[in-house]
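Let's have the full structure, built from the sequences with the hints guiding it.
Under the numbering used here, the sequence shown has 28 at position 28, and the numbering climbs by one with no breaks.
No wet-lab data here; the hints were simulated from the structure.
Among these hints, one or two may not hold up.
[What the hints assert, rightly or not] Straight line, CA to CA, 30 Å or less: simulated DSS-like cross-link-like pairs of lysine-lysine:
no. : residue 1 : residue 2
1   : Lys7      : Lys31
2   : Lys31     : Lys8
3   : Lys24     : Lys7
4   : Lys31     : Lys16
[Unchecked claim] Computed Cβ-Cβ distance ranges for the label pairs, DEER-style:
no. : residue 1 : residue 2 : range
5   : Ala72     : Tyr38     : 40 to 48 Å
6   : Pro62     : Ala25     : 34 to 42 Å
7   : Thr81     : Asp34     : 41 to 49 Å
8   : Gly77     : Asp41     : 34 to 42 Å
9   : Lys31     : Ser2      : 21 to 29 Å
10  : Asp19     : Val68     : 22 to 30 Å
11  : Gly18     : Leu79     : 50 to 58 Å
12  : Leu14     : Leu43     : 37 to 45 Å
13  : Lys7      : Asp34     : 56 to 64 Å
14  : Tyr38     : Ile10     : 56 to 64 Å
Even glycine gets a Cβ: it sits at the ideal position worked out from N, Cα and C.
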Amino acid sequence: MSTSERKKRIEEGLEKAGDILEQKAIESYDKALDRLQYEKDRLERELRHEYRNARRYVRANPEQGLGVAFVAGLFLGVLLTRGGKD
1 MSTSERKKRI EEGLEKAGDI LEQKAIESYD KALDRLQYEK DRLERELRHE
51 YRNARRYVRA NPEQGLGVAF VAGLFLGVLL TRGGKD
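As structure tokens, then:
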């Protein structure tokens, strides 16, 4: 086998290996996208559910809802004013 034939076989082997790696990368990417889409959908459903529960709770207990909102506002105000002083 001559050097040029060896070189050609090596190039063909490398090209084939590159194609295989590219295909595996595409498959992995597609699987990752599918998994991320599934998780996004699951989190959206969970967030909608929790949002509805929170709205129901606040409607049933408006005084406590206002109290929690007030305390959260104070807490955020303290955090934001401290952040500007550092």
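Do the hints match the structure? See the list:
1. Lys7 <-> Lys31: Judged against 30 Å, a Cα distance of about 36 Å means the pair is violated.
2. Lys31 <-> Lys8: Violated. Lysine 31 to lysine 8 sits at ~35 Å, over the 30 Å cutoff.
3. Lys24 <-> Lys7: holds (26 Å)
4. Lys31 <-> Lys16: At roughly 23 Å apart (the allowed maximum being 30 Å), lysine 16 and lysine 31 satisfy the hint.
5. Ala72 <-> Tyr38: 40 to 48 Å: violated (32 Å)
6. Pro62 <-> Ala25: 34 to 42 Å: Since proline 62 and alanine 25 have Cβ atoms about 54 Å apart, the given range 34 to 42 Å is violated.
7. Thr81 <-> Asp34: 41 to 49 Å: holds (45 Å)
8. Gly77 <-> Asp41: 34 to 42 Å: Taking Cβ atoms as reference, glycine 77 and aspartate 41 lie about 36 Å apart, which means the hint holds.
9. Lys31 <-> Ser2: 21 to 29 Å: violated (43 Å)
10. Asp19 <-> Val68: 22 to 30 Å: About 58 Å separates the Cβ atoms of aspartate 19 and valine 68, which means 22 to 30 Å is violated.
11. Gly18 <-> Leu79: 50 to 58 Å: holds (52 Å)
12. Leu14 <-> Leu43: 37 to 45 Å: holds (42 Å)
13. Lys7 <-> Asp34: 56 to 64 Å: Violated: the Cβ-Cβ distance is about 41 Å, outside 56 to 64 Å.
14. Tyr38 <-> Ile10: 56 to 64 Å: violated (42 Å)
Taken one by one, the earlier hints fail for this structure at numbers 1, 2, 5, 6, 9, 10, 13, 14, listed in ascending order.
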